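J.: Got chain A; can you put chain B on it based on the hints?
Each protein sequence line maps, in turn, to chains A and B. Each residue of the first sequence is one higher than the one before, starting from 1 at the first, in this note's numbering. Each residue of the second sequence is one higher than the one before, starting from 98 at the first, in this note's numbering.
Quick caveat, the hints were computed from the structure, so don't treat them as lab data. Quick caveat, the model's predicted, so the values are computed rather than measured. Cβ coordinates follow ideal geometry from the N, Cα and C atoms, glycine included. Take the hints with a grain of salt, since some may be wrong.
[Unchecked claim] Taking lysine to aspartate or glutamate pairs in the EDC-like style, the calculated list, with each CA pair at most 16 Å apart, reads: (1) A:K60 - B:D603; (2) A:K60 - B:E617; (3) A:K68 - B:D603; (4) B:K573 - B:E646; (5) A:K57 - B:E646; (6) A:K57 - B:E617; (7) A:K60 - A:E92; (8) B:K570 - B:E617.
[Said to hold, decoys possible] From chain B, some residues computed to sit far from chain A (all C-beta separations above 12 Å): (9) Q208; (10) M339; (11) L362; (12) R396; (13) G415; (14) P555; (15) G589; (16) I636.
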Amino acid sequence: MFTIENGPDGVVRLAGRLDASHVATAQSLFDRLQGAVTLDCRGLEYISSAGLGVLLKTQKQLMASAGKLRLVGVNRHLRDIFRYSGFDQIFEIEPLE
Amino acid sequence: MGAATPIRNLSARDLEPILAVASKLAAPFDLDTMLGEVVSAARHVLDADRASVWLHDAATDELVLKRSPDLESVRIPAGIGLAGACFRHRRLINVPDCHADERFDPTMDRQTGYRTRCMLSLPLIDHKDVLVGVLQVLNKHSGVFAEDDETLATVLAAQCAVALQRVRMMEALMEGELMRQELEIARSVQLGTLPDSMPAVPGYDVYGTFQPAGLTGGDTFDLQIFDQGLLVVLGDATGHGMGPALTVAQMQAMLRMAFSLGADLDTAFTQVNNLLADMLPADRFICAFIGLLDSDAHRIRFHSGGHGPILFFRAATGDCEVHRPTCFPVAAMPLPALRAAATLEFAPGDILVLISDGATEYRDPQGEEYGHARIHEVLRQHRGKTMAELAHLILESVRVFARGAPQEDDVTAVLIQREIARPPVASSFKRGLDSLDAISGFVGAMFASHGVDASLRPPVEFAVEELFTNMVKYGKGGAAEVRLILARIPGGVEATLIDDDSDPFDITKVPDANIDLPIERREPGGLGIHLVRRMVDSIEYEYREELRETRITFSKTVPSGPGGAPTTGGGHVHD
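Chain A on its own, in the form it takes in the complex (with noise of 0.2 Å):
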């Protein structure tokens, strides 16, 4: 299960799992962002790698027209596997308190 929601707020909230089986539905949903994007990932229980390259890809479309992805209420295991993959260098990732 994975979910993808526009709060009102601008804020985009990702809930479930984003593993292999659900990127395609992801990358769909990611594509229609624009300009600088929070995700708030605080009901994102797991990313996989797959996960990871919908992110990487997003993060590239917005950046070539001035915006970018922010993360915010990222977990503990998810913060090991962004700064394992470099990706903490590449997105803006603050920890959930």
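T.: Structure of chain B alone, referenced to chain A:
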């Protein structure tokens, strides 16, 4: 003392010997040599027949006259005689006719047949105003000591005082340095008795840890597999320093020797006890638990010479049995006869806890002892932990209890648990990404049923799913399912994925992704294996050509121990 009166006619002939003395007094002599230099300088400079130096012994408040190495030192209370008067008043005393002075003690003259005529007594005060002793110069060759002699002697005495005090401090420092070196050697001897790594005993989780005190204590432990079973030792030799360190090293060497030669428990215990009793001084002994664990029969037989309490936690009831030593300490005296070894039977989950008195007798600032009830509390509250984790939890509970009170003795713990048998679980999954949810559920269920630490679930799930996804992506798309086996291992879990319709592809040989590239040069993909390698403790790849079978096994465990704790266990020595 005040500045000396300047000498009116100080000749080069007078000055030269004083300067020569000054250079000699700066040399790194030992105390006896320095005393000799001071005496000869005084005689030379003051043209006197004899000189002597009385050093103050602050411990006894005596003045001590060192004579030639084969003669005993003369000691007088600091206050008696001319030397004493000079010392007490910190003032030069010039006596032209000693036998006419009531402060003069003629005993020495009578004993030696030497006649002291005139004498200068000078307080030896260094540049920091420390009164080191008294310099006495006897019998000027030409008449009595004049005012110029007093000035010369005062200058000389000040230099001598500095030199003597420096040498005394150096010697005290060196003594301390020697002691420190000895303690370091003792510590390394002691550390050398600890096993390099924890032995793997099927069905058991065994762990030992050693937390040294500032000064060397005499603790040791041993966990070593022999034909007779697992040797389990926890020992604590009396005293601090080199003695106990060597004692426990000797005991351990003898025990290992005895058991590798095939000795049984009773023989080894008796022989080692009797040999050590003969070898060691009467006041030395070792409180030691020495046991052999039969991991097939789930039974430990032991003798405990003076070591207690022996804690045995019963998993079924949550109770903690407290067993006493079985005999007096090892090496206290030869054993005429040995009682039968005590026996404990392990049921699944039971834990044997051996802990040195450095923990149980650790006192908090109010003087209360840690005891052993708190250990029981830790065992009860933390079911399902590994022995490494439990050992650290116990040490942490000692630390919290102590509230900063210093550790005065070594703290050593050995924990042995018979594991609760939890057979591995296995399931097969359809080759497709829509199996990922089912895999996640399967991993979660195994963690719950096998009591695996929940913090390991995200990395284990990540690794399993990445490896599975790879098998789906690069597989032939055949009908064969992928099999996943999950097994509980000490402190964690071991996962095996089996794909029996695959081409060889050694994932352990895949190069790491370059994660330092700028974003524009980074590509999606290639991160899966890179991340898996960082998530797990170890990973192995196996391919069987005849079966077309790929088998990938990885393990993930909880990092043992709070980082950097001064303990040793599992082969780690932090000191």
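J.: What are the numbers of the hints that this structure violates, sorted from low to high?
T.: Checked against the structure, the hints that fail are numbers 1, 3, 5, 8 and 14, while the rest are satisfied.
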